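*Asks:* Each chain, written out:
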Amino acid sequence: MRINPVLYGVLVVVIFFGVILGFQAAGVWSISGKVDNNGKAIQPDANNVESIKGWMTLEQICTVYNVSLPELLAQFGLPADTPATTALKDLESDTFDTTALRAWLQSKAQGGEPVQSATASPTAAPEPESTLQPAVEPTAEQPVSPTAEPTAHMPPARTITGKTTFQELLDWGLAQSTIEGILGEGMPAGATVIKDYVTGKGLEFSSIKTSLQAELDKLP
Amino acid sequence: MSTQVNSVEKAPRASGWKSWLKHPLLRRVVQLGAAGYILFLVIQHIVVGEGGDVVTASAEAFCPFGGLETLYKFITSGGTFVSHTHLSNLVMLIAVLVTALLLRSAFCGWICPLGFIQEMISAFSRLLQKWIPGFKRAVASLKQRGARLAVLDRYLRWVKYLVLAWAVGGSAYFGYMVFRDVDPWAALLNLAEFSFTPGFVVLLITLAASFFVERPWCRYACPLGAASGLMGKLSPVAVKRNEETCISCKLCTKACPMGLQVHTADRVQSLDCNSCLECVASCPKKGALEVQMGLPFGKK
Numbered sequence: 001m002r003i004n005p006v007l008y009g010v011l012v013v014v015i016f017f018g019v020i021l022g023f024q025a026a027g028v029w030s031i032s033g034k035v036d037n038n039g040k041a042i043q044p045d046a047n048n049v050e051s052i053k054g055w056m057t058l059e060q061i062c063t064v065y066n067v068s069l070p071e072l073l074a075q076f077g078l079p080a081d082t083p084a085t086t087a088l089k090d091l092e093s094d095t096f097d098t099t100a101l102r103a104w105l106q107s108k109a110q111g112g113e114p115v116q117s118a119t120a121s122p123t124a125a126p127e128p129e130s131t132l133q134p135a136v137e138p139t140a141e142q143p144v145s146p147t148a149e150p151t152a153h154m155p156p157a158r159t160i161t162g163k164t165t166f167q168e169l170l171d172w173g174l175a176q177s178t179i180e181g182i183l184g185e186g187m188p189a190g191a192t193v194i195k196d197y198v199t200g201k202g203l204e205f206s207s208i209k210t211s212l213q214a215e216l217d218k219l220p
Numbered sequence: 001m002s003t004q005v006n007s008v009e010k011a012p013r014a015s016g017w018k019s020w021l022k023h024p025l026l027r028r029v030v031q032l033g034a035a036g037y038i039l040f041l042v043i044q045h046i047v048v049g050e051g052g053d054v055v056t057a058s059a060e061a062f063c064p065f066g067g068l069e070t071l072y073k074f075i076t077s078g079g080t081f082v083s084h085t086h087l088s089n090l091v092m093l094i095a096v097l098v099t100a101l102l103l104r105s106a107f108c109g110w111i112c113p114l115g116f117i118q119e120m121i122s123a124f125s126r127l128l129q130k131w132i133p134g135f136k137r138a139v140a141s142l143k144q145r146g147a148r149l150a151v152l153d154r155y156l157r158w159v160k161y162l163v164l165a166w167a168v169g170g171s172a173y174f175g176y177m178v179f180r181d182v183d184p185w186a187a188l189l190n191l192a193e194f195s196f197t198p199g200f201v202v203l204l205i206t207l208a209a210s211f212f213v214e215r216p217w218c219r220y221a222c223p224l225g226a227a228s229g230l231m232g233k234l235s236p237v238a239v240k241r242n243e244e245t246c247i248s249c250k251l252c253t254k255a256c257p258m259g260l261q262v263h264t265a266d267r268v269q270s271l272d273c274n275s276c277l278e279c280v281a282s283c284p285k286k287g288a289l290e291v292q293m294g295l296p297f298g299k300k
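Protein chains in written order, with this note's numbering: chain C, 1 to 220; chain E, 1 to 300.
Pulled out of the complex, with its shape left as it was, chain C reads as follows (with noise of 0.2 Å):
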């Protein structure tokens, strides 16, 4: 049967088109983790560190989390001019990612104190030597003491962050052994982003970040 090639074209249309509506009208669409499958804004939960995204903002942690923005830029060691609607992606660093940011909301709800803030004011952009060690994940085996020494200057050169990698672990000293007794299988290639790689695995990062990061503690 022959197909007049401008019927074809407009069948490319309506089908390509037509299964997109389809699925649409039948609410089978989502462009963006920021709303749910109705169209619903995703909020973060307030009992619920995990639920903070990258790209909430810093006035909505602040807000649902009963938090003072300067607070939080000083633990941080964010320039203390950093607007409130700054996203919490464009915001990331090796002193600071969406990771730190949950362990530290996390020992703040369970009552423990924070890493001492800097002592910057909130209205100036700090001097980078006045930046404080951001918060290390607090554990239970490692409680974070609310009288230790504001460690200044740079951030510490061995704290995992999101955007670490396994080869950076072995710069810094960790055995491969020791990194695939944690994983509990064989390291993958160097360059592998850690969180990337346990994400994809379906295992929490948080756990394993505080059990490679105990490790790279215990090192000299």
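This list has only true hints and no planted wrong ones.
Per the computed footprint, the stretches of chain E lying under chain C, defined by three or more beta-carbons under 8 Å from a beta-carbon of chain C, are:
#1 23-37
#2 90-104
#3 169-178
#4 277-284
Just so you know, these hints were derived from the structure itself, not from any lab.
Since the structure is predicted, the reported quantities are computational estimates derived from the model, not experimental observations.
Glycine included, C-beta positions come from ideal geometry on N, C-alpha and C.
Put chain E on the given structure of chain C with help from the hints.
*Replies:* Positioned in the frame of chain C, the structure of chain E alone reads:
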């Protein structure tokens, strides 16, 4: 079979709206619409951002290949996605595959914005060659020198299946999009970030190569085109060449942006055919090339 082009029985000239409503024009309109919508999404995402009350979609949420990369995780981990993908990617993938199942790789030829951009660059190159004789000579010289590499063409066309296997398998194994860093489409969508990524280099190479070869990315490396082509093999629709009417003028082969030998085929069933129907539009002989419905895997 006549070989005289000037004795061709041409189709009767249409009048009224039928005179301008031809499928190449319709194809360009559809391509332009799709590319324009993606451009709108990119600009909207940059201008509105992500901090406001309105949720703006990243254009990456509309990439069908993202659906293929996240498919394994979606199935095996209870509906979750790899980073940068959403339900929309899966729906787009289904739309591409359904279209391919019914109408071959028509998404590539009629909708894909990256294919459209490559075609526009090739058209611009042809225009430059018309205007600037020196450029025409340079292109001709390059093509002449490159002719000896033409033997590689048929082997290089298999690269896209390796890319497909690596991108899908890698995403399934590692849990993130291993292909994204070298994906020229992702690089183009994120051009505003001014990131000098491997994908940006691939994009530059693709755009530069489009001056000399039509649709180089689609021919050799596009994993989505590979998947669509494989699905399209099951399609009942194909371009049919009527051997008795054909005058072997080779205009169809010259018009094919994928470099297929249309003038020797019985049914154009190549995995690489993107169903753009440029061959049909270029055919001077009425009834020599037609879009026909028939059994898949029919006679070549």
